[in-house]
Amino acid sequence: MQFFGGSEISPSPPPPTVSGNNAHMLYVFNRNGVCLLYREWNRPLKTLNPQQDHKLMFGLLFSLKSLTAKMDPTSAEKGNLGVPQLPGQGCSFHSFRTNTYKLSFMESPSGIKIILVTHPRTGDLRESLKYIYNLYVEYVVKNPLYSPGAPIKCELFNSTLDQYVRGLG
Amino acid sequence: MAAIYSLYIINKSGGLIFYKDYGSAGRMDTNDTLRLASLWHSMHAISQQLSPIPGCSGIELLQADTFDLNCFQSLTGNFQLEYSEKLDVWCWRLDKDGQLEPKPFCELVMGGLVLLGTKVFVVSEPGTLHMEYLLKYVYELYTDYVLKNPFYEMEMPIRCELFDINLTQAVQKDRVALLGR
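Chains as they are written, first to last, in the working numbering: chain A, 43 to 211; chain B, 866 to 1046.
Read the hints as simulated data drawn from the structure, not as lab findings. You can take every hint at face value.
Calculated lysine to aspartate or glutamate pairs in the EDC-like style (CA-CA distance at most 16 Å, straight line):
hint, chain 1, residue 1, chain 2, residue 2
1, A, Lys195, A, Glu180
2, B, Lys877, B, Glu1018
3, A, Lys120, B, Asp930
4, A, Lys120, B, Asp894
5, B, Lys885, B, Asp1029
6, A, Lys184, A, Glu197
7, B, Lys1013, B, Asp1029
8, A, Lys195, A, Glu82
9, A, Lys120, B, Asp897
Being a predicted model, the structure only gives us computed values, none of them experimental.
Assemble the whole structure, with the sequences as input and the hints as a guide.
Here it is, written out as structure tokens:
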């Protein structure tokens, strides 16, 4: 787990990895599992209502993290399965791929989770997620009208995010 | 250091039927491996449910900080675990006689239903190549030496000497590279 330096937005966003608009959706959760933001660009299949979908997504990430922490083959001291871990503690994961989508995941030191779902053949998106985290810090956290833990309703953030994710693909 | 850390085979209901460790740090006891296997089984199913596009068959590759997990799922399995909007719970898809409803494969996948088949997964060093070939080969070995063994009972733990021998050969580093060709 890397901790990030200053809160300045890096001057230029990381270069796009693939061409073509290939992002499906983006979730931002806080450390209590509250969905702060859900953006959807291309999602033909919806099996659940939004609330259930967010809960299921958070549950999946939480359980996958405890699975990777327990499975970590490089450390001898792993603790018990399912013990809650602080951000940055234990072995985490940064992406998984299925035949229809790829999910990239990042957790900030304060427990903000950013999840980006893209086309399965997208490359490594770790830098892009860090850039999105920077956008969050600049446009949301530094907004004096925003209270932490509330759903994000910043128009400027949404438009910058849309623009960046479009540019990603 | 071994390129492959461990290999698991789980049956259709999430029970661990085979586990082999090839040198990961800190040994896990049997209960831990059983728990991990059934946890993976459920996470695999949930990942199908969260797909933005119809036709998802679950996680193929999980990239963790210190390892990669490659998973292969057989196409033969049960369609189970359906989310019922009406009841607000996950439930088995049963018809009125209490039997699993028979439906064509494509219809089930398109309808957001979840396929639960036999799964083989391998934990390896990050960036290890050709794991999908190894998994397919292990599944072949499973069908040849386990399923065709008249003394083997379906869905039960695997105890077949020939399977063990052939598996050990396949997992050796140079063989994995060969399988990729």
